[in-house]
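Engineer: Chains as they are written, first to last, in my numbering: chain A, 1 to 827; chain B, 1 to 106; chain C, 1 to 185.
Source of the hints: derived by calculation from the structure; they are not laboratory data.
Among the hints, erroneous ones may be present.
[Unchecked claim] If you want the ones that stay clear, here's a sample from chain B, every Cβ over 12 angstroms from chain C, calculated:
| hint | residue |
| --- | --- |
| 1 | Ala16 |
| 2 | Ala71 |
| 3 | Ser74 |
[Claimed, not checked] Calculated cross-link-like contacts (lysine-lysine; reagent style DSSO-like; alpha-carbon spacing at most 27 angstroms):
| hint | chain 1 | residue 1 | chain 2 | residue 2 |
| --- | --- | --- | --- | --- |
| 4 | A | Lys623 | A | Lys640 |
| 5 | B | Lys69 | A | Lys720 |
| 6 | B | Lys2 | A | Lys640 |
| 7 | B | Lys69 | B | Lys2 |
| 8 | A | Lys601 | A | Lys720 |
| 9 | A | Lys9 | A | Lys723 |
| 10 | A | Lys601 | A | Lys555 |
| 11 | B | Lys69 | A | Lys196 |
| 12 | A | Lys640 | A | Lys720 |
[As the list claims (entries may be wrong)] Here chain A is said to cover these stretches of chain B; the calculated rule only asks that three of the stretch's residues, wherever they fall, bring their Cβ under 8 angstroms from a Cβ of chain A:
| hint | stretch |
| --- | --- |
| 13 | 3-14 |
| 14 | 55-61 |
| 15 | 77-89 |
Backbone N, C-alpha and C define an ideal beta-carbon position, used for all residues, glycine too.
These are the residues of each chain, in order.
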Amino acid sequence: MKALERHRKLTTIWASEPGFRGWFSTVNHTDLGRMFLTTAFFFFIVGGLLAMLIRAQLATPHSAFAGAEIYNQIFTMHGTIMMFLFAIPTFEGLAIYLLPKILGSRDLAFPRLTAYGYWCYVFGGSMLLVAMVLGIAPEGGWFMYPPLSGPIHSPGINTDFWLIGITFVEISAIAAAVEITVSVLKYRAPGMSLDKMPIFAWYALITALMILTGFPPLILGSVLLELERAFGLPFFQVDLGGDSLLWQHLFWLFGHPEVYIIFLPAAGVISTVLPVMCRTPLLGYGWVVAAAVSLAFLSFGLWVHHMFTTGIPHMGLAFFSAASTLVAVPTGIQIFAWIGTMWKGKPDLRLPMLHILGFFCTFVIGGLTGVMVAVVPFDWQAHDTAFITAHLHYVLFGGFVFPIFAGLYYWLPHFTGRQRFFRLGEFAFALIFVGFHVTFLAMHWVGLLGQRRRIPTYAPEDGWTTINLISSVGSFVLAIGIAMVLLDVILHGLTFYRGPRNPWNAGTLEWAMTTPPPAYNFASLPHVTGREPLHDDPELPARLARGEGYLGTPKHDWRETLTVDIASGRPDMHVIYPGNTRLPIVMSAVTGLFFLSLLLKFYWTVPVAVAGVICLAWRWVWKQGRKDDLEPMSLGRGLKVANAAMSRRSPGWWGTAFLLTANATFFGSLLFGFAFLWTVAPGWPPPAWLAASPFELGAGLAGAVLSSGAMRHTMRTNRKGGKPVLGLILTLAGALAIAFACAALMTRAPAPVEHAYGATLLVLGGYGLFHACLAALMVVFLIARVRGGYTSSGRQAEFSIVTLWVDYAAVIGVLILLVAHASGFSS
Amino acid sequence: MKDILRILIAPLTWLAAFSAIYGLHGVLCASGISGQTLGISWVRLILMGAYILVILGQIALVAVLYHPKFASRSSFVRFVSHATGWVGLVAAIWSLAPVVMTSHCG
Amino acid sequence: MLSGAGVIFALVMVLLVLPYRAQNGPKGETRQIRVWIVGLGLAFPMTVLAALLGYGLFVGEQLLPRDLPDVVRVGAEGRQWAWTFTYEDAPGTTTQDVLHIPAGRPVDVAITTADVIHSFWVPRLAGKLDAVPGRANILRIEADAPGVYQGLSAEFSGAGYDRFTFSVTAHDAAGWQAFLRGDER
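Could you build all of it, start to finish, from the sequences and the hints given here?
Structural biologist: Here is the structure:
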């Protein structure tokens, strides 16, 4: 088969539908990556316009530009949009676009999930935009501290938009994180062992794992606060056994890792782009990986440093002060690894490098002021002043926006296959750099003079007028610079000036394809022997196009790729992807209906939406699978591996495992919240404890043992060729027993609206009920699959996935019942 | 997956221990335990005991990660797991040092 | 702290500019790792940070309220958007938005709130401390000389936040006694 013929054949298999219809049915990572990045950049512009309004307001004293109510909405939305709708989705978009290409694969692990995540992001973000246009946007600050955001002090719908909209958007973050984790671990080119992974993939993996463990506390906090607002369960009301500090813990348990979730992908961009600009490999690859891993962990031990002024004992503060200073060390290692790379190579001053130098200047200042505020006494003064605003913008703009612009200009030729013709970018960089520093250096200063954050006006006699005016002028220079970047990118897209295939002479695999990239990425998959395959073999692109790699012969109209063993990179499974479908957009729309019903308190449509999601999810998984066993597949180059459906550790199993990791973090945060309220909240003990019920406890424990044991037995029976249906029915009975016990616990929770204790038991029981029902539903699905002939002794992948969910439901069911009854006993 | 675990285990243990000691400190202060032995308050003695246990645990982890029986076959993973092993130990000593340095329930 | 930060920043900038000027010969990767990563990346920040942390904890300890014989105790209750102050030495006396204290004596302010979270901050007297529902956080302040000190609530609290300020009046010994007797009100 000739290269061109192969290209045509692969294109018919992989292409999205033509025209704009393709947007709604595409599951291709290149399309979705571009859509993610475009949407995120749109939100960046919106957030930037809000920032302009803030600076316009603060430019003069006694400004009548916006009243306090509107101003509060503006700064709340600015923070919310930049954090949740720009920064995180930009990382997701970049990773979704880049990872399969840089890892030498054809798509991400779960293409439909990518699309689902994208549409959840679009719909959730739109909810917030609509709120803003209608003037009912959230107004409690992006941190949403209760009681200010509680039902008493914020009775309007504004706060609900935040809680529900952001939770909706976070579904997309969790989906993308599962996707990225499994893709980096399993979907790599053959031979790409962990030490040969491009450094960006390491950063993406670490970031994704951080999202999986960092976001659940916030999702939990949002759920609890929304329950308090909608149904009066008093988790954060101190006179009813709640505690507003619980929110702060949950929020910052998410909020501090969030800063590093934003910084690490940007560091990944720098670690990828900077060595290319210096024409040398990265210095100390292993050190940088170790530093990034350490940074990720240390960042989870810092959350209380946002709470230094809440009256926590000094030793408690000192722990977090110490950990906060320590986190500067792995950051320092990365910075000096980059500078060392510059010394090792021959750095140039092309546009991406300019932005990286901008990063260095800005981020180092942000890091140094960060060390200052990690010192407790200094923070007691600086906290909640404009100094902190300036610090965090140095960290986030320096640590994210400059590197992302570097990445934008670095990969722009890859996105479009063109070269820049007009050289606006350099001038734009100068404006951004100068404008940024003028704006925020001034803000440090006015903060030290005592200007608080989030005030809508100030008086002339405060003496801040000149500095604020300078800051506002700087911010408009910055805005013009960003508008020029936008113009530059649009002009780039409009000028047909073809560029070379590998304009930067990079060594990573994304440049081993024609640009703009074909839908299938690689005509055949490479065998990787080093970290920079293109430098090792400059002929690689041509050889891949000729089909000399793996899976070079398209067959059966299958979208094929392969997975590898995590550590060694040896191929271990053959994968067939699903094709184009509108299922993801429909399902996210129905998910949106669920959230919208909660938001507007149309409770009668909630069950409709839930039923809709169940039906669509059923269809989603049903469409995959086959009624016959597949022989081991030939991958080319004399290699044969089994199909994923024949494996016990299929991609779906891995995805489930990481989704359950996030889920377990959510559950762990819930238990933490319970323990926190019990030991720390002032309004305890509650008026009544749970009365122990041996029957309920016994039913739940027996159900857990039965479901878990029967499921294991079923798996063994199936593998040996026996009939699995009877075992599945026993599993179902066990799961229903757990569901019954948890439902009983919910009905017996003492006075949930009168004390946080009962409210917590209600939520615990609800969590158990939900998971037991979910496990039961999956078992029913599996029974239907068995009867439909979709499983066999060989096709066992679905059994191991359901086993994970059944085990999870059993474990949390037991824990919930034990914790609830133990609390009753202790009284 | 084992290789990923080798890399993550030491800092993960630190994170668990760090949170546990912070929680223990909160519980001890809330419980109102008072009393002294050898001029050191019981709260601080308990915390110091936990501190020493944590450090010993992290030392044990470093030893395990260096032990040929448990080490990875990949020299890269060996290097990174040793590095993160040391990170766990240093982070434990550093971040929990306030146990012996600051007043506990003020 | 600021000058130290300035020196570190200047160092990084110089290190960034030099590779554009000098032509470095190829050196061993091990040696470069030792210089850049182990030396500048690991040892250097650890030393600086250890010193800084020790200093911070020491100062933090000094600022803690300790039991002294002549401590004056007052209460501060925030609500949207006013502070109410009470005095242990003058039961029944309350003042709005003006806190009276004696100069030259340590004062413990018990800070709490009637509604949402606020923060009590008199920049010239002490750092800030939050008013959290259901809790009374104790802040030690001390004014060296009589006079009026401006105070702010420093936690976002909704629509009236920008105007939410107060003042502290520090009296000399005679003035304090007069205040306690109620002469001034």
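Engineer: Hint check: A:Lys601 vs A:Lys555, CA-CA at most 27 angstroms. Holds or violated?
Structural biologist: 51 angstroms, violated
Engineer: Check the non-interface label on B:Ala16: least C-beta distance to chain C beyond 12 angstroms or not.
Structural biologist: 23 angstroms, holds
Engineer: When you check the alpha-carbon spacing of A:Lys640 and A:Lys720, does it fall within 27 angstroms?
Structural biologist: 24 angstroms, holds
Engineer: Holds or violated: A:Lys601 with A:Lys720, Cα cutoff 27 angstroms?
Structural biologist: Violated, at about 51 angstroms.
Engineer: So if I understand the rule, the pair passes when the alpha-carbon distance is 27 angstroms or less; does B:Lys69 with B:Lys2 pass?
Structural biologist: The given pair, whose Cα atoms are some 13 angstroms apart, holds under the 27 angstroms limit.
Engineer: Is it correct that the beta-carbon of B:Ser74 has no partner in chain C closer than or equal to 12 angstroms?
Structural biologist: 19 angstroms, holds
Engineer: Taken at face value, is the distance from the CA of A:Lys640 to the CA of A:Lys623 at most 27 angstroms?
Structural biologist: Satisfied, since the Cα-Cα distance of roughly 26 angstroms is no more than 27 angstroms.
Engineer: Residue count check for the stretch 77-89 of chain B against chain A: does it reach three with CB-CB under 8 angstroms?
Structural biologist: holds (count 6)
Engineer: Does A:Lys196 sit within 27 angstroms of B:Lys69, going by the straight-line distance between their CA atoms?
Structural biologist: Since the Cα atoms of B:Lys69 and A:Lys196 sit roughly 24 angstroms apart, the hinted pair holds (cutoff 27 angstroms).
Engineer: Check, residue by residue, whether the stretch 55-61 of chain B contains three or more positions whose beta-carbon lies closer than 8 angstroms to a beta-carbon of chain A, and give the verdict.
Structural biologist: Coverage by chain A is violated for the stretch 55-61 of chain B (0 residues, Cβ < 8 angstroms).
Engineer: Is it true that the CA of B:Lys69 sits at most 27 angstroms from the CA of A:Lys720?
Structural biologist: It is violated: about 35 angstroms lies between the C-alpha atoms, which goes past 27 angstroms.
Engineer: Could you grab the alpha-carbon distance between A:Lys9 and A:Lys723 and see if it respects the 27 angstroms cut-off?
Structural biologist: Between A:Lys9 and A:Lys723 the Cα gap is close to 42 angstroms, so the pair fails against 27 angstroms, i.e. violated.
The structure fails hints 5, 8, 9, 10, 14 (numbered hints given earlier, in ascending order).
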